Amino acid sequence: MHLQRLSLTNYRNYARLELNLPPGLSIVQGENAQGKSNLLEAITVLATSRSPRSGSDTELVNWLAQESDLPFARLSAELKKGERLERVDITLLPAKGNGGFRKQVRINGAPRRALDLVGLMPVVLFRPEDVDLVSGSPSVRRRYLDIALCQMDPPYCRALNEYNKTVEQRNALLRNLQNGGNAGEQLRFWDDKLAETGSLIIAQRYRLIKDLDAEASLRHLDLSGGYERLKLRYEPSFDPAQPGRNSGGVTRANRDESFAVAAVRATFLAYLLANRRRDLAAGMTLSGPHRDDLGFYLGEHNLRSFGSRGQQRTAALASKMAEVVVMTATAGVAPLLLLDDVMSELDAKRRAMLQDALTTAPQAIVTTTDWHHFSPELLATAQRLHVHQGRMDEVIEPEVG
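When you line the sequence shown up against this note's numbering, it's residues 1 to 401, in that order.
Because the hints were derived from the structure by calculation, they are not lab data. This structure is a prediction, so every number in the text was calculated from the model and none was measured. Yeah, the Cβ is synthetic: ideal placement off N, Cα and C, and Gly gets one too. Any given hint might turn out to be false.
Pair by pair, the computed Cβ-Cβ distance ranges are [claimed, not checked]:
1) 189 x 227: 51 to 57 Å
2) 306 x 284: 37 to 43 Å
3) 104 x 344: 35 to 41 Å
Starting from the given sequences, assemble the full structure and let the hints guide the process.
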């Protein structure tokens with residue numbers, strides 16, 4: 001896959017941008033608040049339909065454009081996938097009634113749902129804030145898993161949307177039943193629906209974390225100079241591989257079998273039934289993939305609680321690098337790698353190792369404030385761009401001396 005061309009109109013601080021992108025590495029240099037992060041955000045929106053930084057589409061529309069008679073923003077990407085060309089367009093238009101903006105999505109000129117974008121242009125984005133992947137709340141880690149899996153497996157994305165709706169409906173029923181009623185009869189339908197979609201989510205998350213663990217462990221050894229081995233652990237709200245099921249305990253093979261979709265569904269249903277009284281008392285569903293977590297460990301130490309900021313950052317970077325490998329193997333397409341001013345957060349050794357990884361990426365876009373963060377050899381092979389106040393210019397000879 002190759003993102004050949006990116007077009008932005010009235011997006012953030014870009015009044016108009018037409019950018020051709022070659023395969024391999026592109027480096028975008030500029031001072032802070034000039035548009036570097038906005039560029040990578042726009043690509044991520046085109047890939048996933050959502051901003052990694054903002055929950056409101058209104059924030060994506062250039063503020064001067066919002067004051068015009070016909071406010072709008074448009075994002076377009078031209079992709080080459082093998083011999084096939086694809087075009088993705090997102091237009092942000094005023095929504096009726098609430099003063100916000102709505103998305104209009106087109107793929108190859110045809111109107112489509114936002115959900116249809118996901119996986120068409122897979123991306124892996126890493127930002128300095130992604131240290132929160134290790135140190136932040138479980139919802140941050142669930143979102144990380146969901147974005148990766150949705151890009152690799154469209155059925156997962158559909159199951160996730162259906163599951164979230166079912167949780168809301170079951171929770172509403174639980175609140176209503178707190179005042180009485182035949183809870184068993186009314187909840188049975190929603191329990192079945194929850195287990196049907198939830199079992200697929202849990203099984204897919206287990207497989208992804210297992211694959212990420214194998215790759216991230218190797219990359220973390222490199223990044224830590226061979227001194228620390230990272231371990232990623234799936235921490236579901238209930239464990240289908242319960243100890244005591246057999247006299248030999250839970251082996252790796254037994255655990256894999258327990259996380260098969262059919263096995264998870266049966267266990268999930270039994271768990272919902274056994275904990276129904278607890279859910280009724282709380283007025284919400286207390287078990288399921290909406291309460292899962294992902295643990296980052298060095299030995300038996302959870303980095304969320306015991307890791308230094310540097311260890312947390314290294315673990316997050318190793319996980320993101322592993323995601324590129326796993327996504328390529330699973331989807332059969334190498335994702336576009338987006339690194340937002342990451343070099344300034346790394347020491348010289350880790351910076352050099354990351355540069356080595358960039359030389360093998362089919363396509364990567366990296367932002368920076370300082371050309372000195374890159375070796376002359378790498379700069380010589382990259383497309384070099386400078387951004388200032390939303391204007392992008394090609395740089396022939398960056399000043400690195």
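Now for the hints, and whether the structure bears them out:
1. 189 x 227: 51 to 57 Å: Between residue 189 and residue 227, where Cβ atoms are some 53 Å apart, the hint holds.
2. 306 x 284: 37 to 43 Å: Since residue 306 and residue 284 have Cβ atoms about 31 Å apart, the given range 37 to 43 Å is violated.
3. 104 x 344: 35 to 41 Å: 37 Å, holds
In terms of the numbered hints stated before, the structure departs from hint 2 and from no other.
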